[in-house]
Amino acid sequence: MFHYLFPPLTIGLGLVMVVLEGIWLKTGDQTWKDAARFWTRIFAVNFGLGVATGLVMEFEFGTNWAAYSRFVGDVFGSALAAEGIFAFFLESGFLAVLVFGWDRVGPKMHFFSSMMVWLGSMFSAVWIVVANSWQQTPAGYHIVEKVVGDHTRYRAEITDFWAMIFNPSSVDRLTHTLIGALILGGFLVTSVSSYYLLKKRHELFARRCFTIGLVIAAIFSLLAAITGHDQAQQVSETQPAKMAAFEGHFETGPGDLYLFGSPDASAGKVRFGLAIPGMLSYLITGDSKSPITGLNDIPEDERPPVWLPFQMYHLMVGLGFGFIVLTLGTLPLLRGGRIFNMRWLLWVHVFAVFGPMVANQAGWIAAEVGRQPWIVYPGEHDGVSMRGLRTSDGLSEAVTSEQVLWSIVMFGLIYLMLFFVWIFVLNNKIQHGPDEPEPTSDPSERSFFKTAAAMSGHQRSLTEYNESESRKPEQP
Amino acid sequence: MFEHDTLSLIWFALLGFLLVGYAILDGFDFGVGILHPIAKSDRDRRIILNSIGPLWDGNEVWLVTFGGALFAAFPEAYATVFSGFYVAFMLLLFALIFRAVSIEFRSKAEHARWRTAWDYGFFGSSLLAAFLFGVAAGNVMQGMPVNEDMIIHQSVWQQLTFYPLLVGVLTVALFSMHGAIFLYLKTEGELQKLIERWIWRTFGFFLIAYIFTTMVTLVEIPRAFKNFHDNKWLWAVPALNVLAVANIPRAMFLKKPVYAFVSSCATIAAFATLFATAIFPNLVPSSLNESWHMTVYNARSSEATLRIMLLIAVIGLPFVITYSGVVYWTFRGKVHLARESY
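From first to last, the protein sequence lines stand for chains Y and B.
Numbering follows the numbering used here, with no gaps: position 383 of the first sequence is 383.
Numbering follows the numbering used here, with no gaps: position 190 of the second sequence is 190.
The set of hints was computed from the structure by calculation and includes no laboratory data.
Among the clues, some could well be false.
[What the hints assert, rightly or not] Stretch-level coverage of chain Y by chain B, calculated; a stretch enters the list once three of its residues show a Cβ under 8 Å from a Cβ in chain B:
#	stretch
1	81–95
2	156–167
3	413–426
[Said to hold, decoys possible] One side only, chain Y facing chain B, incomplete, derived with CB under 8 Å:
#	residue
4	Gly48
5	Val51
6	Ala52
7	Leu55
8	Glu58
9	Phe59
10	Asp74
11	Ser78
12	Arg104
13	Val105
14	Gly106
15	Pro107
16	Phe123
17	Thr293
18	Ser407
19	Met410
Computed from a prediction, not measured in an experiment: that's the story for all the values here.
The C-beta atom is built at its ideal place from N, Cα and C for all residues, glycine as well.
Excised from the complex, chain Y in its bound form:
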């Protein structure tokens, strides 16, 4: 969950970098370059943390979920390995050029690197979402018995690679996930830009970035609603138990659409709820009368928890509509730059970045908790239904609960530390801001002293000036 803060940020910021640098290449305007450079630095911090926490995830399959690994290694492992080979090398290799190579490679090569990094971050999402979707809606495999020692073990083996990759949910889930990430990128950019506008710093930079970020956020917020709708239909078809949990739908029959509420699984009803009658059936099937499978038709030991997925799902959907309202409401104000004088709306944008962050997390929690009690859903092969794997059966055989406990505590502490460090560095970079336009565009004349001299010439407050001076040795 902590890990999932970062990949969406890198995917979203990747697009921003590519756009900004593309404009710079086209116009040759220094502000765009400084902007690209600034966002690249932010990107790098997030990427570093993404790698560190991602490595934990990859080890964790083996250390904590050994039985699961044995069950799915044949399928899941190949997606993970493909991710390493296709995505990570691409991303990390070109990231080095991106961050450290401004003065070492030409602008075109640098732009190419930006695109490759972004492509890499998306490839990585492709493979990981495919692997996760396969757990939700497994396809293209069969279950093989394997005798080890005195026990018979089962495992999933690939029969059809493409069917596994394009399993019933992977395309829907992938587009929705990527779009969620791109919204986050857009909102982060508008947030930081609004902050600068409010503080009257780097205004040219902030106006331009704000516009780009807002356009990106608006486009993808609309797309998110469309893909979200497609995905909901697909979930109700492939994982009816999950859909029923999302909507607090306890009895099979025409479904109502709750706007909010508090489902109570033991009583089998939603408390304090407000619902649009028949709307759920209408959205899923196009007919408000058609029945939707309720939790009562799911065997008791195969029902997911209801309260958490319900709330998370509604949180995500609610936020999603909020993004549409906010971005579409702000877009017309761009004309003539009216937005840049509306301080309250800029403040809204400063904090709006938490919206997509929460929405991404909520959607992910809803999807994963809604999958319970399965770690791998039961599937079908040639019309014969096959066993799934329960989450409780996926644990490591050799690891004791004490070991798991202390490792959770340890990682809790490490992640807490990482979180503060992340906030600290991000804040540091944002306070530092983009580089001021340099006095000369000739790289050979660019020197520490000239930049310093140029900076002192600017109309800035003494503190600001001192700040930038004192930072210069580490990030001049």
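Using the hints provided, position chain B relative to the given structure of chain Y.
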């Protein structure tokens, strides 16, 4: 195209390739971290840190890919080893994360104390990670208590016995030397002279650990020599190993540091090959019963998966090698601190 058995062998070799790649590349990263405190001034420390600045992240990807490939090709071995080394691997992860954080944040604030604290972090975590990799390799070499269900029940204290500890020390020595030679290539002037002295020190340290480990292996682990016994030509591997080691002081003496670096890369590759040859066809030899060894045959994935994965590797690896080359070429030459530097 290939039989299941052939595919298993190809994957054993490919995993070996990934492991060698990782050990060579992250090996000098760890070495650089271990040697980092030898520089006294902040500027020198930053130069040392920035010698791996653009590279370490990419080098760690080799480990991620190795993990993923092991998961896919030999899921049983992946599950058994990773859960068997639970505590050790948690510590390893801790070290790797802490190391990344130290590199990332050391130069973000000006205070001397802040920087010193992260310097310790960078040194300590590099040392710990290198050591733990050695310990893990030593344990596998020695054989682990894999039971009939392919599960290892063993506490971390039982894994810290004499031989694994020795291999851990050897790994630290090897990576330090490797890192020192790398740093020699990346620095100039006074700092380079300092590092040259450290090349000799670490080489001496390595040589002692190397000879000692070899003797202990000869006496303690006869199983390791079975393959050499059956195929006499395999003796070429240790022979190359010795030649590569011997070539390091020779090249340094002749003032050919690139040549020395190539030799230390070859040394690491030879060690990994020796390790692979010694355990083959096992992935994890069982110390309880010979018929419970985890081998490339009983721990592998299905034929279809191995074949698909091979296809993925054949398509992907040339790209990987190409752009790794591009990155290394871009950052060739001596380190100069720039505004993006750590």
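Here is how each hint holds up against the structure:
{"no.": "1", "hint": "81–95", "result": "holds (count 13)"}
{"no.": "2", "hint": "156–167", "result": "holds (count 4)"}
{"no.": "3", "hint": "413–426", "result": "holds (count 6)"}
{"no.": "4", "hint": "Gly48", "result": "5 Å, holds"}
{"no.": "5", "hint": "Val51", "result": "6 Å, holds"}
{"no.": "6", "hint": "Ala52", "result": "5 Å, holds"}
{"no.": "7", "hint": "Leu55", "result": "6 Å, holds"}
{"no.": "8", "hint": "Glu58", "result": "5 Å, holds"}
{"no.": "9", "hint": "Phe59", "result": "6 Å, holds"}
{"no.": "10", "hint": "Asp74", "result": "5 Å, holds"}
{"no.": "11", "hint": "Ser78", "result": "4 Å, holds"}
{"no.": "12", "hint": "Arg104", "result": "5 Å, holds"}
{"no.": "13", "hint": "Val105", "result": "6 Å, holds"}
{"no.": "14", "hint": "Gly106", "result": "11 Å, violated"}
{"no.": "15", "hint": "Pro107", "result": "14 Å, violated"}
{"no.": "16", "hint": "Phe123", "result": "11 Å, violated"}
{"no.": "17", "hint": "Thr293", "result": "34 Å, violated"}
{"no.": "18", "hint": "Ser407", "result": "5 Å, holds"}
{"no.": "19", "hint": "Met410", "result": "7 Å, holds"}
Checked against the numbered hints above, the structure breaks hints 14, 15, 16 and 17 and satisfies the rest.
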